[in-house]
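Q: Sequence:
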Amino acid sequence: MSDESVHFPSPEFLIAFRREAGDGWAMSFADYMALALYDPAAGYYARARRRIGREAGSDFYTATSLGPVFGELVAAASADLLGPRPPGDFTFAEIGADDAGGALEKTPHPFGGILPVSLGQPLTLPPRAIVFSNELFDAQPCHRLVGRDGLWRELGVALRDNSLEEVLLPDLSLEVREMAGRLPPVAPEGYQLDLPLAAAQLVREIAVQSWSGLFVAIDYGKSWRELVEETPAGTVRAYHRHRQSNDLLDRPGEQDLTCHVCWDWMVEALNKAGFAVPTLESQEAFFVHHASPALGAIAAAEAGRLSSRKQGVMQLLHPANMGRKFQVLWALRD
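Per the numbering used here: the sequence shown ends with 508, consecutive numbering throughout.
Hints are supplied without guarantee of correctness; some may be wrong.
Here are the simulated lysine-lysine pairs, DSBU-like style, with alpha carbons at most 30 Å apart [to be verified]:
id: 1; residue 1: Lys446; residue 2: Lys499
id: 2; residue 1: Lys396; residue 2: Lys446
id: 3; residue 1: Lys484; residue 2: Lys280
id: 4; residue 1: Lys446; residue 2: Lys280
id: 5; residue 1: Lys484; residue 2: Lys499
id: 6; residue 1: Lys396; residue 2: Lys499
Simulated restraints on C-beta separations [what the hints assert, rightly or not]:
id: 7; residue 1: Met353; residue 2: Ala447; range: 33 to 41 Å
id: 8; residue 1: Pro406; residue 2: Arg351; range: 20 to 28 Å
id: 9; residue 1: Asp323; residue 2: Ile189; range: 32 to 40 Å
id: 10; residue 1: Ser397; residue 2: Glu352; range: 19 to 27 Å
id: 11; residue 1: Lys484; residue 2: Ala447; range: 53 to 61 Å
id: 12; residue 1: Pro185; residue 2: Ser397; range: 36 to 44 Å
id: 13; residue 1: Ser384; residue 2: Ala477; range: 44 to 52 Å
id: 14; residue 1: Glu352; residue 2: Pro260; range: 35 to 43 Å
id: 15; residue 1: Pro260; residue 2: Leu293; range: 18 to 26 Å
id: 16; residue 1: Met353; residue 2: Lys280; range: 36 to 44 Å
id: 17; residue 1: Ser466; residue 2: Pro344; range: 49 to 57 Å
id: 18; residue 1: Arg351; residue 2: Pro493; range: 35 to 43 Å
No lab work stands behind these hints: they were computed from the structure. Virtual Cβ for every residue (Gly too), placed ideally from N, Cα, C.
Generate the whole structure from the sequences, applying the supplied hints.
A: Below is the structure:
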């Protein structure tokens with residue numbers, strides 16, 4: 175369960191919460207997370223401040239914070255995965271591109287063009303595309319369940335006396351009821367199960383469009399078995415000023431919230447949409463397997479010195495850094 179401290183949100187968030195809750199006394203955690211992240215007036219991603227980077231005032235850093243070397247490796251791996259297909263025939267469409275313009279903004283590449291799609295923009299993909307994302311799906315709202323007396327109960331968020339508190343909802347949300355047959359029949363007491371349903375739905379929305387090419391998603395996630403057996407405290411976490419927290423109701427609209435994706439659900443969505451053999455690899459394995467010439471060129475060019483590019487490669491590949499923390503799901507469709 176979330177931290178028990180008192181949570182007084184900003185006036186802007188109070189207005190948004192009351193608007194969305196209406197006459198109800200609470201909302202699902204998924205609705206709260208959507209509000210806290212994406213509300214146009216009070217949401218975290220709507221605020222005009224720098225969120226990504228290593229400097230003071232930012233909240234977290236991603237692979238794009240390491241400079242152009244990340245884009246170099248992504249471009250090389252994507253071209254390799256296209257195989258005999260001419261890369262110039264494909265548009266590199268990055269969904270959830272950050273304010274800097276995306277992974278390839280400052281990187282030479284062999285593709286026909288770049289299409290950065292920011293969060294909230296209409297999602298219309300070109301007919302031949304490399305659909306790429308980096309930490310997009312973990313930022314989608316998720317539902318939270320907890321085991322009580324052998325049953326799965328859904329966690330919600332209520333506003334009482336201008337303070338937010340975590341509550342048990344009287345009924346499961348429609349989205350949870352629709353997948354309830356997948357839940358373990360007996361809920362272990364106190365086990366928290368976070369359901370990244372919106373992430374799987376976003377994959378379906380991407381895959382259902384009429385385009386051919388390559389799907390590449392870099393993110394952190396777990397299998398369904400791991401979620402139901404190995405994460406008793408759930409996977410939702412908050413990030414503020416480079417500190418991770420379990421206090422999910424603190425500073426709504428001012429801190430990031432993330433949830434591990436369920437790779438099995440994403441693979442299932444790609445399979446149903448006609449993608450061939452979706453493959454999941456660690457980030458380390460992905461770049462080693464599919465961008466080895468680019469890695470070799472960087473090593474040769476930076477031989478004898480510990481440059482920022484070489485340090486960036488180490489961050490991306492080392493198992494103790496991003497190499498094992500992140501996984502890559504990719505698949506092709508002709």
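Q: Sort out which numbered hints this structure fails and list those numbers smallest first.
A: Of the numbered hints given earlier, those the structure breaks are 4, 7, 11, 15, listed in rising order.
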